[in-house]
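Enquirer: Sequence:
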Amino acid sequence: MRLLFRSVEAQRHRERGLVAGHLYVLRTGTRRRKHGGRKPPVLGHCHCGWSPAEDEAQRAVRKAIDWGVNYFDTAPWYGQGKSEVVLGKALGGVARDSFYVANKVGRYECDVERMFDFSGRRTLDSVRESLAKMRLAHFDLVQVMCLHASQNGIRERCGLVSYGAKIFREVIEKSPVELDTVLTYCRGTLFDDSLAEYLPFFERRRLGVINAAPLGMGLLTSSPPPDWHPAS
1 MRLLFRSVEA QRHRERGLVA GHLYVLRTGT RRRKHGGRKP PVLGHCHCGW
51 SPAEDEAQRA VRKAIDWGVN YFDTAPWYGQ GKSEVVLGKA LGGVARDSFY
101 VANKVGRYEC DVERMFDFSG RRTLDSVRES LAKMRLAHFD LVQVMCLHAS
151 QNGIRERCGL VSYGAKIFRE VIEKSPVELD TVLTYCRGTL FDDSLAEYLP
201 FFERRRLGVI NAAPLGMGLL TSSPPPDWHP AS
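Numbering-wise (full-length UniProt numbering), the sequence shown opens with residue 1 and increments by one.
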């Protein structure tokens with residue numbers, strides 16, 4: 001795995017052992033499917049519609065690694081840190097250069113008054129806390145979560161996370177800094193393919209696109225969507 005840094009400051013953050021707001025970009029080869037197209041080794045580790053015991057969750061992660069999955073997505077918001085702890089244990093003993101971890105900042109507490117914090121200080125603290133929970137020296141990607149809730153704007157290089165794709169275009173066009181990735185969920189599915197409308201724009205900007213929740217938060221499975229995310 002070869003890491004290419006977008007700025008000297010990002011390099012310094014990397015040497016300190018964390019990605020502090022600045023994203024350092026991964027340049028790796030992608031495998032080809034036999035029937036054409038790229039085969040991205042991606043699986044998000046967040047809300048998947050079940051609550052397995054910790055040991056079962058760890059076994060699932062190890063099995064995923066055995067099957068070639070090497071990209072894991074988590075955040076302090078998921079289980080208020082539990083997701084990070086469990087995933088960190090599951091990745092223990094696995095060669096660090098064989099997987100990627102994407103983390104998020106910006107959304108933390110269940111209490112509405114303290115749910116969001118996009119300040120620089122909280123962002124740095126969050127990255128350090130998450131690294132400690134996962135027992136990692138660095139993250140491969142740090143993303144700003146729930147972009148629609150941010151009141152402070154985007155001041156650093158990072159990935160963006162939001163439910164819809166429309167907001168990305170406005171932020172990307174107005175951002176004074178270069179962004180690297182976008183993540184949206186439930187917008188590239190059998191019942192909603194609105195993400196496709198924005199793909200040419202993202203491609204022109206050379207942005208990585210992460211299509212989360214392709215099964216519609218469980219809507220396209222035998223299990224219903226979570227209660228907190230009802231269909232309209």
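Treat the hints as calculated values from the structure; they're not laboratory data.
Hints should not be assumed to be uniformly reliable.
Said to hold, decoys possible - Each computed EDC-like pair below joins lysine to aspartate or glutamate, with the alpha-carbon atoms no more than 16 Å apart:
#1 Lys166 with Asp117
#2 Lys82 with Glu109
#3 Lys89 with Asp111
#4 Lys166 with Asp193
#5 Lys82 with Glu56
#6 Lys82 with Glu113
#7 Lys166 with Asp192
#8 Lys89 with Asp117
#9 Lys82 with Glu54
#10 Lys166 with Glu129
#11 Lys89 with Glu113
#12 Lys82 with Glu129
#13 Lys133 with Glu197
Stated by the list, open to error - Pair ranges (Cβ atoms, derived):
#14 Ser119 with Arg205: 34 to 40 Å
#15 Lys63 with Gly120: 36 to 42 Å
#16 Cys110 with Glu54: 18 to 24 Å
Cβ atoms here follow ideal geometry from the backbone N, Cα and C, with glycine treated the same way.
Enquirer: Could you run down the list of hints and mark each one as holding or not?
Expert: Hint-by-hint comparison with the structure:
1. Lys166 with Asp117: 22 Å, violated
2. Lys82 with Glu109: 13 Å, holds
3. Lys89 with Asp111: Distance ~27 Å between Lys89 and Asp111 Cα, so the pair is violated.
4. Lys166 with Asp193: 13 Å, holds
5. Lys82 with Glu56: This hinted pair holds, its Cα atoms lying about 14 Å apart.
6. Lys82 with Glu113: Outside the cut-off at roughly 21 Å; violated.
7. Lys166 with Asp192: It holds: about 14 Å lies between the C-alpha atoms, which stays within 16 Å.
8. Lys89 with Asp117: 27 Å, violated
9. Lys82 with Glu54: 10 Å, holds
10. Lys166 with Glu129: 31 Å, violated
11. Lys89 with Glu113: At roughly 31 Å apart (the allowed maximum being 16 Å), Glu113 and Lys89 break the hint.
12. Lys82 with Glu129: It holds: about 12 Å lies between the C-alpha atoms, which stays within 16 Å.
13. Lys133 with Glu197: 38 Å, violated
14. Ser119 with Arg205: 34 to 40 Å: 27 Å, violated
15. Lys63 with Gly120: 36 to 42 Å: 39 Å, holds
16. Cys110 with Glu54: 18 to 24 Å: 20 Å, holds
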